[in-house]
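Colleague: Here's the letter readout for the chains.
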Amino acid sequence: MASSSERSPPPFPDTEDQDVLDSEEVGGRDSDEDDGEELFMSASNTPLTKQDTPTSPDSQASDLMEDLSVGPPSSQTEKSAASSSPEEFVDLTNNLESRVAAESSSPEPSDEFFDILGSETQKVEVEASVKADSGEASSGGPDLPGEKTGSSSAAPIINLDNDVQPPRIGGKVIDPLAQILGDTPAADPKKPSSAVVDLFEDDGSDIFTGAPQSKASSRPEKGLFGEPDEDLFGGPLGAMSKKTTENEGKSGTAKAAGPTFSKPTEPADIFTEEAAATTVPRTSNTVNSKANGVHSEEDLFTEATVELSLDSPRSSRKNEETSKPSASSSSSSLSAPARQAKPPPAALEELEDEEEAELEDKFDVLVSVKDPEKVGDGMNAYMAYKVSTETTLPMFRNKLFTVRRRFSDFLGLYEKLSEKHGPNGLIVPPPPEKSILGMTKVKVGKEDSSSADFVERRRGALERYLQRVVNHPLLLQDPDVREFLEKDELPRAVSTQTLSGAGFLKMINKATDAVSKMTIKMNESDAWFEEKLQEVESADQHFRKLHALVESLVVHRKELSLNTANFAKSAAMLGSAEDNTALSRALSQLAEVEDKIEQLHQDQAAYDTFSFAELIADYIRLLGAVRGSFDHRIKAWQRWQDAQAMLQKKRETEAKLLWANKPDKLQQAKDEIVEWEARVTQFERDFERVSATVRKEVLRFEKQRTKNFKRQITKYLELLLQSQQQLIKYWEAFLPEAKAIA
Amino acid sequence: MLPEKLRSVSVDLNNDASLLIDIPDALCERDKVKFTVHTKTTLSSFQKPEFSVPRQHEDFIWLHDTLVETEDYAGLIIPPAPPKPDFESPREKMHKLGEGEATMTKEEYTKMKQELEAEYLAVFKKTVQVHEVFLQRLSSHPVLSKDRNFQIFLEYDQDLSVRRKNAKEMFGGFFKNMVKSADEVLIAGVKEVDDFFEQEKTFLLDYFSKIKEATAKAEKMTRSHKNIADDYIRLSATLNSLSAEESTNYYIIKFCLKLFQNFLRVCLKKVEGRVASDEELKLTELLRYYMRDIQAAKDLLYRRARALADYENSNKALDKARLKGKDVSQAEEHQKRCLQKFDTLSESGKKELTNFKARRVVAFRKNLVEMAELEVKHAKNNMTLLQGCIELLSGN
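Just so you know, the protein sequences line up as chains Y and W, in that order.
Each residue of the first sequence is one higher than the last, beginning at 1 in full-length UniProt numbering.
Each residue of the second sequence is one higher than the last, beginning at 1 in full-length UniProt numbering.
You may find that some hints are simply not true.
Stretch by stretch, here's where chain Y covers chain W in the computed footprint (C-beta under 8 Å, at least three residues) [stated by the list, open to error]:
(1) 71-79
(2) 195-207
(3) 361-368
(4) 382-393
In silico lysine-lysine, DSS-like type, Cα no more than 25 Å apart, as pairs [said to hold, decoys possible]:
(5) K113/W / K96/W
(6) K558/Y / K366/W
(7) K380/W / K596/Y
(8) K545/Y / K96/W
(9) K34/W / K93/W
(10) K125/W / K84/W
(11) K377/W / K366/W
(12) K729/Y / K93/W
(13) K351/W / K558/Y
(14) K596/Y / K34/W
(15) K662/Y / K558/Y
(16) K569/Y / K326/W
The set of hints was computed from the structure by calculation and includes no laboratory data.
Cβ atoms here follow ideal geometry from the backbone N, Cα and C, with glycine treated the same way.
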């Protein structure tokens, strides 16, 4: 069934317009629903063939799918990660009251929502873990402990021989949780809410009846899922708030099961309960099974919170990545890719909504870079900037805090971020470039206008750079970012020095990258990327040209201001030489007017620089980052292709061995094939994940750019308007003087 | 203040209807510009009441030179000769544009070309205007309008075929200039007898240097203004191509860019360009013209000073002759002639200078008022356009 579609590249919606996308999504959704059902079917079949255990995650997942519906394309991902979404649900429901009371002011749960649901990468990873888990399940219990122990408290549970499943679930939950916990805290309250709405569409509105955030955009989808959602939500809600509409009895069992789970420290409990709960309701009613899952996970969740909150997202991610390969052979894993294939459209749509929500968004984290100050003397001098952060997010200790950072710290932050997130396809906002010339001038200590100009430009660029970083939902979660904003002392970033060993290494790396970029010829399977890449390149060119033009405009404007000043001076002289009193006065008036106009031109030159040229310079940098993320995608692709080639080779060897009839080596060859198959699958998934991320990031970037551009251009025009108004004032004041000349 | 002195650079205010001159048309043939000089008159000294003749720039120069050389007009400020038509800069730019055609987008090229054509036209118009002003000033002058050469210049319907200055004459002219400036230094020591002229001299010298500087600065200013206008053109062209290529998905950004680009094109380029050309016309031209006019006034002063020096020399010669007792009557005659010449020069010079002052004030007033009005107008235009843009942007 799904196996055929699974291998094909993710069916991204074609790059056409968003409208098309919408319709496609509908289509995708439909097909997905089918998938879900099929899955469900198959899942319920498999249990019979295998131990009845494997079913539970699967069926749970598919159940969820069915119910969730269900619909929202995005929920497919979640479905695969069934375990994680319900728990959020519970969280939600837990907080329901407070939520309804003060929707936006309860950022915690919503954040989780956002993170799991709203962001692709994580989703993918969650899936991956699920896959891995289920894969392991099928391949046998023993595998599990090894993987799980590292990350979860579930290890002991695994020994329970009655069910392999529970640990799996536990692991499943924990992995995503780890992720969540690592990443979660902040993010805008609005975003999450929109994500929620997206995912659960009506559910969302169901849950928070009268929730103000439920977006209008989610409405259209409502029609698609009718009842199930209500059921679903009726279920959990009922479980929590005794509001069950149907399946009274079953939810009763769920309820019964729920309480027992409330001892998070006792995994064994959970599992027994789980097993019981899942087996009972699943057979008959999906809603209930979900309710059960929900409960157990909630508990696990709390537990996991305690244990894993310090885990970095990265480590958990790695775990998942390593565990992924085992998933390849299992039947249950087949369904996962199929599901996974769908997320992109979901993500896109989600993103749209998210962005829309963001449009009215006041940032939760406001970063300002102020007070550039020269520290030290001579060539060892550097500029230190005050970085103030103003935030409402609970992830930060204070609402307002200030640290001092030097330029290389900013660069160091970028290095860390791009190293961590770049390969995943994130567009890491780039900081302003190093400028030896500009800095040397500052260092030498010339207090002329050009060095002041330089410092101011850099300050602005740094501020925008940081603001971009914290505006990025994923980057904000990064511990390094937090450290940068909060910690008083940072270790000196050495690697950013141009002349250091690290700098040299970087240069070499860059060179090899450039070479490999030239040598890798990727036959682009996805028209969307091809088109985008072209777009980015041409935009880059245009922006560069634009930037040069604006720079020359600035130069000319400065010239004009200088010349105006000169003229003003000589007009004043002329005025003093003039023997006609009225004319003399008029001339000196003219000189004054020209003087003022000179100031105006100067200001205008500054506007040109700061709100126009810098805007463009920023975008040139950002476009570079976008291209970088494309490169990372191609690299991922290359890895995949290499692995495939390798696999091919191994297969050939196997065939040869078979033919040569050398059974002793055959086994080894087979093992190798298995290994490489696993690798190919992993790399393919990596590639898909990176692709999806890049795609999402590019869309995000474009949205932001549009917004930003509009804002900046409006601002620029307003400044122009102001100066024109001034101009009018000046000349109008001069007019009577000129008329007074007798 | 005589009404016919109400002449300024850019006006055609001829209150004396007896002799009306204008240049309705001009033809540009390679380096030569042929002006059609049209005259309407009621004066009986002309054969017909209305006629047109073709004249070249060199003819104007010839007319000016003959006027300057006429002894009788030594006491007058001879209107400065029109500057040589300078089509070099737009032509050169056009040439450069042609070379750089490959590097530009087609749209950019056409835009630049249009701009250059406009510039060329402006230069052309300006040239015609300065020639016209020269003739009009002559025609409105009570003495100069009666000049025979002037009338011939206006009336003779054949090509004047003024003999171009040959190398020797050119050199002679140069030499004469040298002598003149040396002479100026020499006679500077001559004690001024009239306070008015003393004052006038220091004023004019001072004023000349100031106005010269101001002119240079104003020229620079207008040039940078023009540069900015050019930048706007290029910017708008680039924005245009950018918005054309920007992904269709993001119509908002496209819209923004388009709007911005339109704004730049319509408003900034045009207005900025116009501000530049208006400033050029009203301010720079004014200053430039008066710079030349002052030069003419200075020449007048020089001639008068020369006459004064001559007079003093003749006084000395008379004294010497009286001492020696020979050629006394001849020396007396000479001395008397010199005195007379000096007196006429002083008298007419005084009148001319007073007129000049009045004329200058009026011209400045007019131009400054006009410039201020235009600046306000342009700024207001800019403002409306900007407001419209911002509204459109924020409304979307």
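Colleague: So, for every hint listed, does it hold in this structure?
Modeller: Against the structure, the hints:
| no. | hint | result |
| --- | --- | --- |
| 1 | 71-79 | violated (count 0) |
| 2 | 195-207 | holds (count 3) |
| 3 | 361-368 | holds (count 4) |
| 4 | 382-393 | holds (count 7) |
| 5 | K113/W / K96/W | holds, 11 Å |
| 6 | K558/Y / K366/W | violated, 30 Å |
| 7 | K380/W / K596/Y | holds, 18 Å |
| 8 | K545/Y / K96/W | holds, 20 Å |
| 9 | K34/W / K93/W | holds, 23 Å |
| 10 | K125/W / K84/W | holds, 13 Å |
| 11 | K377/W / K366/W | holds, 16 Å |
| 12 | K729/Y / K93/W | violated, 36 Å |
| 13 | K351/W / K558/Y | violated, 46 Å |
| 14 | K596/Y / K34/W | violated, 43 Å |
| 15 | K662/Y / K558/Y | violated, 82 Å |
| 16 | K569/Y / K326/W | violated, 60 Å |
Of the numbered hints listed earlier, those contradicted by the structure are 1, 6, 12, 13, 14, 15, 16.
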